[in-house]
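Engineer: Quick note, the sequences are listed as chains A and B, same order. To convert a position in the first sequence, counted from 1, into our numbering, add 89. To convert a position in the second sequence, counted from 1, into our numbering, add 89.
These are computed hints drawn from the structure, not numbers from a lab. Don't take every hint at face value.
Note that identical chains are pooled: a pair holds if it fits in a single copy or bridges any two copies.
Stated by the list, open to error - List time: in silico DSS-like cross-link candidates among lysine-lysine, alpha-carbon distance up to 25 angstroms:
#1 Lys-228 - Lys-181
#2 Lys-422 - Lys-119
#3 Lys-618 - Lys-605
#4 Lys-445 - Lys-228
#5 Lys-575 - Lys-429
#6 Lys-194 - Lys-631
#7 Lys-482 - Lys-575
#8 Lys-181 - Lys-230
#9 Lys-429 - Lys-109
#10 Lys-618 - Lys-178
#11 Lys-280 - Lys-590
#12 Lys-293 - Lys-157
#13 Lys-119 - Lys-482
As the structure is a computational prediction, the values presented were derived from the model and not from experiment.
2 protein chains.
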Amino acid sequence: MKIALAQINYHIGNFENNFKKISDAINKAKSEKADLVVFSELAVSGYPPRDFLEFDDFINRCDATIEKIAAECIGIAAIVGSSTRNPEKKGKDLFNTAFFLEDGKVKSKIFKTLLPNYDIFDEYRYFEPNAEFHTVDFKGKKLAITICEDLWNVGDDLLYRINPMDELFNLKPDLMINIAASPFDYDQAEKRRSVLLQNVEKYKLPLLYVNHVGAQTELLFDGGSLAINSKGLITDEMKYFEEDLMVVDIEEVERKTFVEKRPKPSKISLIHDGLVMGVRNYFEKLGFTKAILGLSGGIDSAVTLVLAVEALGKENVRSILLPSRFSSDHSVKDAEDLAKNLGSPYDIIPIEDAFKSFNGILEPFFEGLPFNIAEENIQARTRGLILMALSNKFGYILLNTSNKSEAAVGYGTLYGDMNGGLSVIGDVYKTEVFELARYINRDNEIIPWNTITKPPSAELRPDQKDSDSLPDYDILDEILYQYIEKRQGPNELIKMGFEDKIVHRILKLVNTNEYKRYQTPPMLRVSPKAFGMGRRMPIVGKYLA
Amino acid sequence: MKIALAQINYHIGNFENNFKKISDAINKAKSEKADLVVFSELAVSGYPPRDFLEFDDFINRCDATIEKIAAECIGIAAIVGSSTRNPEKKGKDLFNTAFFLEDGKVKSKIFKTLLPNYDIFDEYRYFEPNAEFHTVDFKGKKLAITICEDLWNVGDDLLYRINPMDELFNLKPDLMINIAASPFDYDQAEKRRSVLLQNVEKYKLPLLYVNHVGAQTELLFDGGSLAINSKGLITDEMKYFEEDLMVVDIEEVERKTFVEKRPKPSKISLIHDGLVMGVRNYFEKLGFTKAILGLSGGIDSAVTLVLAVEALGKENVRSILLPSRFSSDHSVKDAEDLAKNLGSPYDIIPIEDAFKSFNGILEPFFEGLPFNIAEENIQARTRGLILMALSNKFGYILLNTSNKSEAAVGYGTLYGDMNGGLSVIGDVYKTEVFELARYINRDNEIIPWNTITKPPSAELRPDQKDSDSLPDYDILDEILYQYIEKRQGPNELIKMGFEDKIVHRILKLVNTNEYKRYQTPPMLRVSPKAFGMGRRMPIVGKYLA
């Protein structure tokens with residue numbers, strides 16, 4: 090039996106676009122003589138459709154699109170994910186469903202049993218969990234079809250009380266097929282392969298796995314769909330961060346005994362590739378082509394610019410250098426050098442006049458008071474204002490250049506450098522930004538080495554350095570990682586050897602700056618715990634604060 | 090049996106504060122000879138603790154606080170809500186728990202069965218649903234204790250497959266006690282009373298109900314705890330929007346046959362009281378006392394100022410008038426009149442110099458291009474910058490003055506008038522803002538009538554009116570209400586009689602402006618569907634857009 094795996098970049102709510110991609114893949118699979126083509130979870134609407142699911146009209150469009158896809162399934166069968174109504178009065182209104190389409194109509198519906206509701210997932214918000222199990226007979230084979238999380242209840246600490254695949258296994262299937270929407274983080278592909286292999290090992294059945302690819306606002310999907318034979322050999326692995334269609338012969342998959350292993354990509358290369366896809370898809374899906382950003386000469390805006398140029402093309406990213414009286418000479422030079430290295434347009438707009446004008450306006454109120462955070466923020470906000478004015482006039486999306494370390498401790502100015510339609514490196518710690526810069530420079534000097542080696546500074550007052558107000562980034566980032574990604578509390582951190590005072594200071598900074606993060610742009614998610622929809626904190630909370 | 094109901098304003102994560110309030114209430118209940126004192130759901134941590142629940146350290150503090158409260162329960166019993174660990178390996182890590190404390194220790198634990206996971210609720214993110222049921226014997230009575238949602242599976246369209254109270258009813262209890270954290274909206278108190286009365290009618294048992302009161306960032310809790318006897322008579326109703334402690338004799342509750350009905354408060358008075366509490370608690374819980382806002386002479390900032398003055402005191406709210414070349418004379422006069430009526434401090438800071446300075450800076454780029462949204466936004470952002478500079482210098486929280494109609498269609502400037510630590514009327518449609526203004530003026534003219542009667546305008550270009558770019562607010566707000574609160578799609582709206590073209594235009598505006606709302610301050614929630622945590626939409630979605 091030949092089965093096509095269709096790894097597609099869907100667009101949430103864009104039913105016509107999604108239908109066209111699905112239809113094209115069906116035709117391609119037919120032309121390659123596939124018996125069955127498999128699409129991913131909620132393919133019809135894109136994932137995650139979020140509260141669009143609460144609209145009857147939206148579900149009607151899901152249903153209508155399934156009908157249209159079914160009509161294409163002549164001479165080929167398809168498995169397609171969509172949302173469907175729960176016919177019973179009791180329970181939530183919808184099921185997360187895998188449709189089995191054959192002979193121009195819906196032959197079977199498989200509902201998702203395990204509904205992830207942690208981190209970025211909200212599936213229990215919409216869907217009723219399945220409680221009845223059946224396989225699908227197709228061309229003499231029994232298919233055990235599951236949806237994403239359904240295979241994830243493995244290991245020591247089980248999140249759910251049942252295992253849908255246990256139920257299906259009792260029905261003696263020949264093949265497991267899992268359709269998924271498994272978002273990327275730099276550890277996820279490894280975790281995913283491990284979870285899928287645990288299932289193969291347990292049930293001794295071949296497994297075909299079809300994932301989403303592409304970015305939906307902050308969520309990145311890396312693809313990497315798989316075929317695994319019953320001996321636990323990954324026989325086929327699809328592209329990462331790209332659409333792909335692959336036809337496997339399931340008997341051939343079973344026969345294979347050796348496959349050359351792909352080299353394991355580095356964490357930084359994964360982050361790099363994910364971010365480039367994230368920027369590109371954000372613009373494409375919103376119908377924009379051009380970006381603008383403030384280029385300071387520092388490492389954060391430098392890395393952001395390079396990623397944006399890779400995503401959008403050098404001519405489509407415009408850098409604005411916005412020096413103030415506190416900018417060092419090397420800042421402007423480093424920024425210019427980078428823009429020139431990239432061949433990307435840039436302008437220099439000094440902010441002195443506007444800064445002076447605000448100082449004049451505020452003089453009657455500020456008289457006699459020392460220069461402080463207020464004046465620092467005026468500079469950052471003046472820059473933000475100029476960038477937004479250019480954005481409004483010419484139709485650019487402003488890219489935010491803040492990193493995760495800054496976002497964590499509130500080292501940034503709301504309505505100033507925290508502006509932007511999209512935060513490119515907001516889920517990348519400062520130490521990782523340095524790694525990204527070195528990765529970008531791996532073959533030649535794109536980012537001036539001076540940008541990478543000089544001490545980080547916001548340059549908002551004379552001789553300012555980040556290290557004036559923050560611990561060294563090596564220590565800061567490790568504390569942040571343990572607190573944010575690993576949910577370690579103050580006692581655990583102190584036990585790890587971090588200084589009591591620093592731990593309490595950092596944790597307090599993180600918690601009291603929730604109000605700032607509430608108003609930041611969406612941040613492309615590359616870590617297992619990013620700020621935004623996957624980390625939900627009270628603003629008025631007083632915990633470790 | 091005498092039972093005290095303690096309706097308390099908790100502070101999320103502030104265990105010491107919450108313990109002290111609980112301890113004080115226990116002592117007060119003792120002094121009034123109560124046998125039992127009942128606190129609300131997750132009283133120990135405050136509600137909702139959100140992802141703080143993912144920290145072991147946080148759960149340890151919950152446990153430690155329960156131990157401290159138990160130690161106070163000598164000569165009196167208590168029911169207290171807290172989070173507790175799931176002792177089993179399978180399933181989520183926590184239970185949402187009602188602790189029954191007696192003789193200085195934990196006598197019983199009741200776990201929540203029905204976990205709301207819609208709108209602003211995320212309980213399935215943290216908690217395992219209960220599956221085992223028991224009553225608590227206390228002084229010869231059997232108590233059926235449930236937690237909030239456990240009593241809400243009533244009516245025609247059941248959200249859950251089981252009814253915990255059905256299970257408890259089989260155990261022949263004498264009394265129902267429900268501890269809750271039921272957030273306010275202008276319909277909620279009515280809905281709540283109806284749901285509770287349906288339970289009393291079904292089980293023919295008296296019911297004591299203890300709710301939270303107070304604001305947690307955007308979520309308002311209105312209190313209104315109740316005693317209902319088995320005949321369905323509401324015998325006692327506690328205060329709304331205020332802390333309260335009431336001792337009821339359960340035999341007396343049962344004996345009552347008549348209680349004078351409270352007058353039903355108007356929707357606008359409820360919104361008013363909720364917003365005042367919301368502003369007050371936001372400042373108190375963050376440790377701030379002073380607010381600043383931009384006072385334009387328009388109705389939105391006028392209503393916001395009055396609410397803030399009620400919440401914080403007239404001397405603690407500073408208004409800044411920021412006229413531009415496009416401001417009408419009456420705007421400044423109306424704004425000044427209002428500040429004078431309130432006896433509240435204000436300053437006038439013309440923005441012309443800064444606007445000119447930006448025009449000069451941008452001239453080389455904008456030359457020959459017509460005045461448009463870019464220049465309009467420069468004005469709004471200049472105002473935002475000045476307000477934030479004053480906020481930073483003097484420690485004010487900036488209040489946002491945007492309304493829900495604007496937030497819905499994106500009629501506002503990011504990093505300009507959309508700035509603020511808290512949006513006071515962001516969940517109040519423009520037509521409701523007018524009603525609020527009239528309500529405020531019910532006894533005398535606080536808000537100048539001219540502010541209420543003149544046509545709304547952003548005054549960012551000559552002779553601008555809101556009606557230049559938007560339908561009349563009567564129509565706009567009704568379409569928005571049907572789309573946002575009622576989840577009606579385009580076809581339903583057109584069937585209601587709204588014009589096809591207007592419907593599509595408005596829905597598109599709502600959906601394509603998700604990116605702006607993503608970056609707005611938290612909005613005090615007064616409606617059944619507010620922007621923010623209760624309405625989760627994709628930014629790159631292309632649905633009705």
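Engineer: Check each numbered hint against the structure and report the violated ones by number, ascending.
Structural biologist: The structure breaks hints 1, 2, 4, 5, 6, 7, 8, 9, 11, 12 and 13; every other hint is satisfied.
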